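Asker: Now for the letters of each chain:
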Amino acid sequence: MTVMGHIFYNWLSKSAFATALILLPLMHISDASAGNEPLLSPSSESLQLGEQMYRNGILPSGEPIQAFVKGDLPVPGTAFSCVSCHLRGGLGSVEGGVFTPPTSGLQLFQPFKILFKGLTQTFFPFPDRRPAYNDTTLAEVIRSGATPWGSTLNDVMPRYLLEDNDMAVLITYLKSLSARFPPGISDTTIHFASIITEDVSKEERDSMLAPLQRYINIKNSQVNSYKSSLGKKSRQMAENMMVSKELSTRKLTLSVWLLKGAQNTWHTQLEEYYRQEPVFALLGGISRSGWRPIHQFSEDNKIPCILPQTDFPVISDTDWYTLYPSKGYYQEGQAAARYLISTQEGKTDKKVVQIVRNSIEGAALSAGFEQTLRERNQPPVVTVQLQVGEKITSGFLQQIIKKENTETIILWDDTDVLTALESLSSITNKPKSVFVSARYLGDKLHKLPDNAREFTYITYPYSFAKAAVPSAMGGSILIEDESKTLVNLAQLPGHKPPETARQTSETITQLITMDLMEMRGNYYRDNFLDVLGMIPDQPSPTYARLSFGPGQRYASKGCYIVQLTRGESPVLVKKSAWVIH
Amino acid sequence: MRGSIPSNLLLFFSIILGIFHCDLSHAGTQYKRTIENYSMPDVVLVNQNGAKVRFKELMQSNKPIIVDFIFGTCTTICPVLSAGFVNLQNKIGSDSKKVHLVSISIDPENDTPMVMNEYLKRYKAKPGWDFLTGSRKDIDTVMKAFNAYIPNKMSHYPLTLMRPSGDNKWIRIFGLMSSLEFISEYQKMANK
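Order-wise, the sequence lines are chains F and Z.
Mapping of the first sequence onto the working numbering: position 505 corresponds to residue 494, and the numbering continues sequentially without gaps.
Take the position in the second sequence, starting the count at 1, then add 63; the result is the number in the working numbering.
Source of the hints: derived by calculation from the structure; they are not laboratory data.
Hints are supplied without guarantee of correctness; some may be wrong.
[What the hints assert, rightly or not] Residues of chain Z placed beyond 12 Å of chain F at every Cβ, according to the derived structure:
1. S124
2. E172
3. M206
4. D230
5. E244
6. A253
[Claimed, not checked] The calculated lysine-lysine pairs, modelled on DSS-like cross-linking and capped at a C-alpha distance of 27 Å, are:
7. Z:K95 with F:K563
8. Z:K95 with Z:K161
9. F:K563 with Z:K207
[Unchecked claim] Derived Cβ-Cβ restraints for the label pairs, each shown as a range:
10. F:K340 with Z:M177: 22 to 30 Å
11. F:E411 with Z:K126: 51 to 59 Å
12. F:L478 with Z:E120: 38 to 46 Å
As the structure is a prediction and not an experimental result, all values here were calculated from the model.
Note that the Cβ used here is the ideal one computed from N, Cα and C, for glycine as well.
Assemble the whole structure, with the sequences as input and the hints as a guide.
Answerer: Structure below.
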């Protein structure tokens, strides 16, 4: 139901503070022995098998787990894996009004208390305190739903009839799950870093970093003020209201990791930075070249990276640790393909020819375009590569049109687009449509030849909306982008990268504020991403709507197809919805 | 600054209130059933195969129809709602197309035909169960038509809407049914 779900649990904590109105005093219950169990180190092979059960619903034998929902026919466990409700970090969730408790070892093997006593009795079938589980009672509750306190779990939690061996593997995994704080977390600090590559201008770097640094300064000066005796009272108030006392004593740090030289040396540079400054997560970051080595570093070390500013994200359905603002150029290629399919009643019958400049932009655009056609079972596209510096002459274009008998040309190029469009507009068998990328064109967008404008379709990955309105609630109000045209082309976000960098970092501070508060001291990296996945959509002046969701890793999903009107002060006209299906 | 206390406090209370009207934790034992009249909007949505679907026409089908609102990456309640659909299809047996199950995405930007197709595969859906997406505007229109509008997918709640064949009244079920309850609701509707 909401990102605030986790607030209803308060796990045993080192120190207990007095409380206010609705909060109960939190008591320290010493049960260290049970808490130590997860620290045994089982073989990594057994942990992998357990992880496969937990995340994919697959038994060590390779068969799917059978899940029973209320004494009914079994449902494939692949659709009912633990992760789909208890989430990857195992700290649970509240969604759709259903409360899913944690299944991580530290929590299961300790008694727990629910924070809001009066409320919880009414809302959850849980007692406000439950005893610690042991291996036997845990196996029992997973098999039958029977709890050690004599009740039965509700029907949302499926029953899993696991054999003893399989159960042992699963329980071993649960014990290891979110059992130990990762590097970058201490009693007093949470460490972050931002990665910047050398190719980024000073202005852009500063614009990206400033909001993050400001946020961290404010947060830290709060912590400082709580330390003074006068501040003690306000800290207690803050703790009670922020429902995360773990935050009021921890400072945040932000290191800047500057990467230099060739991309194939980045991984080593990153490992070295990380060795010297172990960080919990990476915030923002910016690069004009590819992000792949950094992405791989995050995956290898399981370090979350939130909204790095790159137009070249790694496209993957399964990688977990990097949350990108969008798919960048790839997304534009995707939009062009989807638009073609949707306007041609599902079939691109005439051949489509893609002319691609040999560049990182060209590669990303054409990858998105080709992959989308493939996914939708369209005939393959003919691709013509242009070397760096190679000209697109009129003869070259005529030859292609004749040879391939094409009505659609995709021009993934920046240097020679204007002359190519000029040539196309003056030949007799000109194509019905030509697609170009606004981001790749940059300032040239204004200068498309007049005669080519009616057959030129432009992928435009930015919002037309003027501005987002921040709300008082720490979030912001989403305004749907209803405008049909964009008059002032100087508003094009591509014109002012530092502004985009600043806005994206502002969004990061909002996300981090909610995320850190909502983690309730459970500073585990998977939990950090799980909680982020529950955050409501955020407005973005650049990307319209940023949306999150469990496992979703590209926050902005859209890209318009637009056209330019004739004349000296042209207007952009939308030809498609923000997301084309 | 954004993390300031008063705004958090507001957020915090609004969440508690949110929980108040959404207590569905006793799944299978409590759900609210009402009979409603809805008029179906004329919008074009897209199904898991990428085909365009005229929503109004679809809803005029002679078969019994069951609608729910889910999304591809949803946790907790979507698996349970979808398990209900799977079990119903299994119960009906070979002629799964006898009843039309329609899941409508409330995360239309992420739910592309490919995402929806994979979702249905994961649940081993049989023919007769379609998953629809569309522009946010059209999806909002459909949610509103069923009096089920939510501005944000994370604040969704479990809802099942059933329309018997040859009828224009809808049975609205708010809350989570167990599969057995769902099947019995279906039979009540089918035998009508």
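Asker: Could you run down the list of hints and mark each one as holding or not?
Answerer: Hints, verified against the model:
The non-interface label for Z:S124 is consistent with chain F: the shortest C-beta to C-beta separation is roughly 22 Å, beyond 12 Å. Against the 12 Å criterion, Z:E172 falls within the reach of chain F, whose nearest CB is about 4 Å from its own CB. Listed as a non-interface residue, Z:M206 keeps its Cβ farther than 12 Å from every Cβ of chain F; the least gap is roughly 14 Å. With 12 Å as the threshold on Cβ separation, the claim that Z:D230 sits away from chain F holds: the shortest Cβ distance comes to roughly 27 Å.
The beta carbon of Z:E244 sits about 9 Å from the closest Cβ of chain F, which is not more than 12 Å, so the claim that it is off the interface is violated. The beta carbon of Z:A253 is kept farther than 12 Å from every beta carbon of chain F, the shortest such distance being approximately 18 Å. A hinted pair counts as satisfied when its Cα atoms are at most 27 Å apart, and Z:K95 with F:K563 does not qualify at roughly 43 Å. At roughly 26 Å between alpha-carbon atoms, Z:K95 and Z:K161 fall within 27 Å of each other, so this suggested pair holds.
At roughly 26 Å between alpha-carbon atoms, F:K563 and Z:K207 fall within 27 Å of each other, so this suggested pair holds. A C-beta distance of roughly 24 Å is found between F:K340 and Z:M177, which places it inside the suggested range of 22 to 30 Å. The beta-carbon spacing between F:E411 and Z:K126, approximately 56 Å, falls within the hinted interval of 51 to 59 Å. Take F:L478 and Z:E120: their Cβ atoms lie about 41 Å apart, and the range 38 to 46 Å holds.
Comparing the model with each earlier hint shows violations of hints 2, 5 and 7; every other hint is respected.
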